[in-house]
Amino acid sequence: MAGLELKALHKTYGQVPVIKGVDLSVSHGEFVVFVGPSGCGKSTLLRMIAGLEDITSGELWIGDRLCNAVEPRDRGIAMVFQSYALYPHMTVYDNVGFGLKLARTDKAERDRKIRDAARILQMEHLLDRKPSQLSGGQRQRVAIGRAIVRQPEVFLFDEPLSNLDAALRVDMRMELAKLHQDLGSTMIYVTHDQVEAMTLADKIVVLNGGVVQQVGAPIDLYQRPANLFVAGFIGSPKMNFAEVSVQSINGGMVTVASKDISAVTVAADTKSLKVGDRLTLGVRPHHLSMDASGTLVGGVSLVERLGNETNVSLRLPSGATWLVVLDGDHNLRPAQALQLAIDAEKVVLFDAAGQSLLAAM
Amino acid sequence: MKLLRRYWLTALAILVSGVVFLIPFAFIIMMAFKDRKQAALLDFSWPQGLHLWDNVVEVVTTRNWMLLTAFINSSILTVASVTLLVVFAAMVGFVLQRRKAKWNGLVEFLILAGLMIPPAIVPTIWLLQGLGLFGKLHGLVLVEIAYGLPFSILLYRAFIATIPRDLDEAAIIDGARPFDVFFRVILPLLWPVTVTNIVVQSVAVFNDFTNPLYYLPGNQNATVQLTLYNFQSQFNSSYNLLFTNIALITIPPLIVFLFFNRQIVAGMTAGAVKG
Ligand SMILES: Nc1ncnc2c1ncn2[C@@H]1O[C@H](COP(=O)(O)OP(=O)(O)O)[C@@H](O)[C@H]1O
Ligand SMILES: [Mg+2]
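From first to last, the protein sequence lines are chains G and H. No gaps in the numbering here: position 75 of the first sequence is 521 in the working numbering, and each next residue is one more. No gaps in the numbering here: position 2 of the second sequence is 18 in the working numbering, and each next residue is one more.
Honestly, the hints are just simulated from the structure, not real lab data. Check the hints yourself; a few may be wrong.
What the hints assert, rightly or not - Covered stretches of chain G, as calculated for chain H (at least 3 residues, CB under 8 Å):
1) 513-525
2) 541-549
Stated by the list, open to error - Here are the computed distance ranges between Cβ atoms for each label pair:
3) G:D715 <-> H:R114: 45 to 55 Å
4) G:S471 <-> H:R114: 26 to 36 Å
5) G:S471 <-> H:F199: 32 to 42 Å
6) G:K720 <-> H:R114: 52 to 62 Å
7) H:R181 <-> G:G460: 52 to 62 Å
8) G:K717 <-> H:R114: 49 to 59 Å
9) H:R278 <-> G:R561: 29 to 39 Å
10) G:D639 <-> H:A129: 47 to 57 Å
11) H:A162 <-> G:H571: 50 to 60 Å
12) H:R181 <-> G:V462: 12 to 22 Å
13) G:E555 <-> H:R181: 26 to 36 Å
14) H:L274 <-> G:H571: 31 to 41 Å
The beta-carbon is built from N, C-alpha and C at its ideal position, and this holds for glycine as well.
Model the full assembly from the supplied sequences, consistent with the hints where possible.
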């Protein structure tokens, strides 16, 4: 039984702050994904949990132990690296058993554990090979096997799939999800790929610039992003944004308009709003539809017909470009004018500071 | 004719290297077969009669089997120095490459200084005497290590830079203590450079003449290179014995070279190109 508790974690390299106060609590058995753009500090945070980086300030609790000064081997963790980091001079068998050997596990016990792990990962036939004789996917399995034999409370993954090709990545993603179900351990997974994050996570932690932007279930982050960054980062294709100004406020409803959008009335937290405020409106490409009485008009600049849906790049009067995903197949020509309706229920408004103005549920 | 035109440079190169490398060797061997009178002529002639066995017996038994003592001393000296040299140099290279500390610059300067500044004999002897190590075999071991260390460290460090740090970290997560990381993960991966170091340094130490001369005086302490003086003096030199002696003490380095030949070049160029 081991959850995790991160309290005001900070990390600075010399004078440069990289992690700027992360608070997070992870309960036992959760699959948590750290996601964010490259260089935002995901790996650093993971390595602080692993004990590979010193914690500048703050507290790290694993289970009910304060682990700031605990050696990595005593933290009850195992880690899978992006580069796999297999020992090139050892066979797969020895790679997987290295940790057990160091822990002086007796030989029969060690053999049993190695073979168990190999069976779970279906790599029994690879045990006698050296890492250089394995494919990328097989190496990844060995790296995971090495983590499994340690029977850790917490698994740490640092972009484990980013060196695999696309098809294999999808397979391994499913296997990881299954592994999590079977083992029931806590898993912390770092990725910059938001599709991996959405599909694997019980809980996503969105990081940017060393600061947690939002923590929540994938679908919450998609539907109720806390700020502009999360709204733009989660979801594919990306959310469309437009500068709007408040026209009128009526109870929990606010009507906004801009040069491109004639008027749209949205439910929002209106407490701090007044007429004339400048806001940012966000709407996902899927939440626009063709409608002759729609509030948005633009010129088609690029069309991708995928059969089941049509991606349209739309040029708005203000010069902004929006992406629209229309259901079904539409034979649209470039430069054609398109009138669209915005699904007002799915629209999110952001104040000048970039925080979302979602109405309380 | 066409063949000659195309390959004359190659042929010339082979010829020159043959003259430079093989003729002295052939000279040594032939001298070792001659008797004292013919050898004194110092000419490049075919030996009259086979006197090799007599020469060998005389060389080995001279001065109360001194050559045997010398071989034992040299072997101990070489094995001890090179073993410690390899372990220490790999460790220093590892720490220097992996841990960036503020005194790295100073350490690197000292290594370069060790390569460039010629050794000072008299102060070294004072130091050895102060430590009670002068004229002792283990004192000389330390001296050889000190002289060989800078070059070995440079070789190792370049190679360690090509070993990904993830490997160290994976081992740490697996529960390895620093010594486990070094001896079980890093050192085995350093094998190509280790071979190079073993060959280069053991030949250097085994063939070292000056350091044993300065730091290890006394007949009981002779190393193989010093036995050459047994047959060489201002008025009376037994060239047949001298060259037999040379031939005998050339055998061990030759074996080392033949044994590790293939792996040496790999170690020399490893780290130069990432691949
Ligand atoms: N050893 C280091 N020294 C200085 N800066 C570092 C070091 N390691 C990482 N950084 C910086 O910390 C930031 C976060 O890095 P990292 O955690 O690797 O990002 P990512 O989210 O892509 O995994 C980056 O801007 C990087 O330049
Ligand atoms: Mg990273």
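Now the hints, each set against the structure:
no.	hint	result
1	513-525	holds (count 5)
2	541-549	holds (count 4)
3	G:D715 <-> H:R114: 45 to 55 Å	52 Å, holds
4	G:S471 <-> H:R114: 26 to 36 Å	34 Å, holds
5	G:S471 <-> H:F199: 32 to 42 Å	40 Å, holds
6	G:K720 <-> H:R114: 52 to 62 Å	60 Å, holds
7	H:R181 <-> G:G460: 52 to 62 Å	19 Å, violated
8	G:K717 <-> H:R114: 49 to 59 Å	56 Å, holds
9	H:R278 <-> G:R561: 29 to 39 Å	37 Å, holds
10	G:D639 <-> H:A129: 47 to 57 Å	50 Å, holds
11	H:A162 <-> G:H571: 50 to 60 Å	52 Å, holds
12	H:R181 <-> G:V462: 12 to 22 Å	20 Å, holds
13	G:E555 <-> H:R181: 26 to 36 Å	31 Å, holds
14	H:L274 <-> G:H571: 31 to 41 Å	40 Å, holds
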